[in-house]
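Enquirer: So the chains spell out like this:
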Amino acid sequence: MTAPAPVRPAVRERWLARRRWARAAWLYAFMLVMSFFFLGPFVTGLLSSLKDNPNEYPPTLNIPQLTPAVIGHAWALGVQGSGDGWQGGLHPGRTVTFEVQVQSPPGAPQDPPAVTLFPYQPVSLVAVARQAQARDYATLDTREVARSGDTRTYRVTVRSPLLTRQTGETVRATLTEPDADLRARLGNGQTVPVRLDTPQAQERQYELNAGQTVELTRGPAGYTLRGPVFERTPLQVDVQRGQSIVGSTLPPSDRQDFGRSFAFRNVTPGVLGYTFNNYRRAFRETADPASGRSLFFSWVLNSFLYAFLRVAAAVVFCSLAGYALARMTFPGRNLIFLVAVLFVQMVPSQVNLVSNYVLLKDLGLLNLWGLWLNGLVAAGGVFLMKQFFEGMPRELEESAAIDGAGPLTTFFRVMLPQAGPALIALSITQFQGAWNDFFWPLVILRDNASFTLTVGLSNFRELYGGQGDYGLILAGAVLSAIPVIVLFVVFQRYFVDTGADSAVKG
Amino acid sequence: MLRRGQTPAALLFLAPFLITTAVFFFYAFGRAIYYSFTDFNLFNDPRLIGVKPYADVLGDPSFRRALANSLVFAVITTTLQTVGALLMAVALNTRIRGMGFFRSAWYMPSITSSVVITLIFLWLFQRRGVANYLITQWQAFQPLILTFLGVLAAAQVAQVLWERSRRLPAGWLDPALAATSALLAVAVTAALAWTGVVAAREVPPFDYQYFADRWISVGGVRVLSVPMLVVIIQNTFTTIPTLMLFFLAGLQNIPGALYEAADIDGATPWQKLTRVTVPMLRPVTFYVITVGRIGTMQMFDQVAVIGSAAPGDTLITLAYYVYSNTFKAGAAPVNMASAGAIILALIILVMVAAQRRFFPSEAP
Chain A
1 MTAPAPVRPA
11 VRERWLARRR
21 WARAAWLYAF
31 MLVMSFFFLG
41 PFVTGLLSSL
51 KDNPNEYPPT
61 LNIPQLTPAV
71 IGHAWALGVQ
81 GSGDGWQGGL
91 HPGRTVTFEV
101 QVQSPPGAPQ
111 DPPAVTLFPY
121 QPVSLVAVAR
131 QAQARDYATL
141 DTREVARSGD
151 TRTYRVTVRS
161 PLLTRQTGET
171 VRATLTEPDA
181 DLRARLGNGQ
191 TVPVRLDTPQ
201 AQERQYELNA
211 GQTVELTRGP
221 AGYTLRGPVF
231 ERTPLQVDVQ
241 RGQSIVGSTL
251 PPSDRQDFGR
261 SFAFRNVTPG
271 VLGYTFNNYR
281 RAFRETADPA
291 SGRSLFFSWV
301 LNSFLYAFLR
311 VAAAVVFCSL
321 AGYALARMTF
331 PGRNLIFLVA
341 VLFVQMVPSQ
351 VNLVSNYVLL
361 KDLGLLNLWG
371 LWLNGLVAAG
381 GVFLMKQFFE
391 GMPRELEESA
401 AIDGAGPLTT
411 FFRVMLPQAG
421 PALIALSITQ
431 FQGAWNDFFW
441 PLVILRDNAS
451 FTLTVGLSNF
461 RELYGGQGDY
471 GLILAGAVLS
481 AIPVIVLFVV
491 FQRYFVDTGA
501 DSAVKG
Chain B
1 MLRRGQTPAA
11 LLFLAPFLIT
21 TAVFFFYAFG
31 RAIYYSFTDF
41 NLFNDPRLIG
51 VKPYADVLGD
61 PSFRRALANS
71 LVFAVITTTL
81 QTVGALLMAV
91 ALNTRIRGMG
101 FFRSAWYMPS
111 ITSSVVITLI
121 FLWLFQRRGV
131 ANYLITQWQA
141 FQPLILTFLG
151 VLAAAQVAQV
161 LWERSRRLPA
171 GWLDPALAAT
181 SALLAVAVTA
191 ALAWTGVVAA
201 REVPPFDYQY
211 FADRWISVGG
221 VRVLSVPMLV
231 VIIQNTFTTI
241 PTLMLFFLAG
251 LQNIPGALYE
261 AADIDGATPW
271 QKLTRVTVPM
281 LRPVTFYVIT
291 VGRIGTMQMF
301 DQVAVIGSAA
311 PGDTLITLAY
321 YVYSNTFKAG
331 AAPVNMASAG
341 AIILALIILV
351 MVAAQRRFFP
361 SEAP
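Protein chains in written order, with the UniProt record's numbering: chain A, 1 to 506; chain B, 1 to 364.
Just so you know, the hints here were simulated from the structure itself, not pulled from any lab data. It is possible that some hints are incorrect.
Claimed, not checked - Chain A residues, not near chain B, derived (Cβ > 12 Å throughout): (1) Thr142; (2) Pro178; (3) Leu272.
Stated by the list, open to error - Capping the alpha-carbon separation at 20 Å, the derived lysine to any residue pairs in SDA-like fashion look like this: (4) Lys386(A) x Leu12(B); (5) Lys52(B) x Ile343(B); (6) Lys361(A) x Gly330(B); (7) Lys328(B) x Asp447(A); (8) Lys52(B) x Ala331(B); (9) Lys361(A) x Phe26(B).
Quick reminder that beta carbons are idealized off the backbone N, C-alpha and C, glycines included.
Can you make the complete structure from the sequences, with help from the hints?
Expert: Shown next as structure tokens:
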């Protein structure tokens, strides 16, 4: 055995180059793993928010709600049930066909499956009167249409009855509080009496509650009731021991009893009702039947309003204060900076909780305006603007002063227009801060119509989380994350520059 | 240019800021101190009763739990996030293509609201949730993973010894050799799995319930609850990317000459980290720790959102203690809430002052 020869420079050079490449490869691998780690929770949350049951175990990434063929079926069924492939639903006088394949091996019962409609009453943040259920109106008919081997295909036909014999234009309306006559409010706000021209309709009239959406026929003699509009058509299919369900037009929402019982939460979903069902529920299940306004929608608006108000106040007041602290000379400047800017940021908001709550209550301002007033001029924003103005050249002010401009003119005409980048950074942090703010809205906003999104979402948790209904919660979370993410994508570089704020996020 | 007579204009500019701060901060602060010495309960006329509220608060078991929880949470989270962010920043302190994309992708957890992230984590950490599913998968595939790691280590050792015998200065973690070892390990594991020598195990689903009254005790003292551990994980997850950016910015300001000098002296990577990088990053670290302390001591959102999902006092923090006592049904012990808030503020101020005093931001 001989001692190894010394390494030639060329070999060594190649060796080092190889090492550099390998290091880059490992870095990319590391960054990919980290991306999975940091984005994984969001992506799984987003994908699962589309599922019928986000708690399915084991969790899969095979999501029928994102499969084009299934979405096509959802659209077609929506069109059959309501004429609207997006929203779906079951309207009076419509017929929907739905197919189920059942495998019955020799020796097993050869009977057709038992098909029933079942009721669905949503849990809601607001008291909702019982809505008419498809089960109480529609009729079902199941027949065998094909057979191959031991698998039979059954066609289930759902018929929604028409409660009038009148013909004419069909209009959508909402029933009002019942009195001697049945009345409905049309889309234009007009309330009209509703006539019932068939025995079936007269039988049904006492089952319909205020707030029920109905279809009316406008005839020469006025409006007659066509029937209630069903948002969903929940269908259940059961087969006997030995048989199994092997296919259906839409995949089931729930499989039980060893694959012998399939529940379809909605066989007339439409695309929105299928793929975005949880998102639609977030809006619909928070709707106040009296006003028709969705609480979730109000929360979104409130969050936007609050964020814009905060940004507007910060742009004016924080830059004024920051400029004064940076460039003007007056007694007590350092003291103000130390105490009102630095010290304020170190003291937890809980210290001011009681006093501010009592004060705003006494002023009758336990609403969005009180919330705005409470955080009108953010100390962090003043700090940011002070830093910025300190870095600006003094020549600008000097020339303005020579021209005889007063301090206000100098500030608004000369300094503020120069502060573009700082103002953008300030606006972004304030928008993000207000949009994500939770503590103060939770304290100050006392009425569920005036909540911001964050507070509303925590109410979702209380209401739906207990029963494990995470679909709605995840959908709400995704929706509330979107505006900040859009803001981030557009103004990325400003975010990275001023990340100090979110670092303190508790 | 200093001019006299700017005081009126300056006060005008500062007026909105000073007035709102005076009303909503200083007046409020003063009132909180006042209430903390009275018998105020939101509905009566406050009457001074001395330090009794403080005594009540200190005697309240749920306050003591809140205090312990807050301190444990603040210490563990600040440490984890600072160390994690620093290590990540060191690992990523290279200029390579696509870095910008990754940095912005990682920023996502920092910009979304704590409410949203808490809801997602509640869902992930359910009894039959994604977190437990991943643990189940880890257990099931353990034979394959261990095979992979074993082959990887063996191949690496063999290769390094071979290179060294050729007089090439290969380190034990040499990236090029590690890449070859990894490919080899993948191939060997795949072959063994294919031939059926090693296979995934059948394991029952991992069913751990995180949001339950479970505690990690040290010497019989309940130190950390499992729900709090989940919140710590969540908080570290959301803050690491931001803090990492601060460290990266700091790293880019360290002159390269320092590392060259260390190389000449024959410093190991570990020595370079502890003797050059960490001391040079002292100002950034100081800032990160201060900000982290202030933020984590005030932790509230997660507790309030999780609410009844975590039983008993597993999650209560000082901030939540103040909130829940202020809004207790009936006559709320607002005086106790105020006393708790004052104690919280004092703790934070003392922490910040102590850090300034004993761990100055500039190297001595």
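Enquirer: Between Lys361(A) and Phe26(B), does the CA-CA distance stay at or below 20 Å?
Expert: 18 Å, holds
Enquirer: Taking only the CA atoms, is the gap from Lys386(A) to Leu12(B) under or equal to 20 Å?
Expert: 16 Å, holds
Enquirer: For the pair supplied as a hint, Lys328(B) and Asp447(A), is the alpha-carbon distance within the 20 Å limit?
Expert: Distance of about 17 Å is within 20 Å: holds.
Enquirer: Does Thr142(A) clear chain B by more than 12 Å, comparing its Cβ with all Cβ atoms of that chain?
Expert: 35 Å, holds
Enquirer: CA of Lys361(A) to CA of Gly330(B), is that 20 Å or under?
Expert: Within the cut-off at roughly 17 Å; holds.
Enquirer: Closest CB-CB distance from Leu272(A) to chain B, is it above 12 Å?
Expert: Non-interface label stands for Leu272(A): nearest chain B Cβ at 23 Å, farther than 12 Å.
Enquirer: Beyond 12 Å from every Cβ of chain B: is that where the Cβ of Pro178(A) lies?
Expert: Per Cβ check, Pro178(A) is outside 12 Å of chain B; nearest 36 Å; holds.
Enquirer: Lys52(B) and Ile343(B): Cα distance at most 20 Å?
Expert: 14 Å, holds
Enquirer: Holds or violated: are the alpha carbons of Lys52(B) and Ala331(B) at most 20 Å from each other?
Expert: 17 Å, holds
Comparing the model with each earlier hint shows no violations; every hint is respected.
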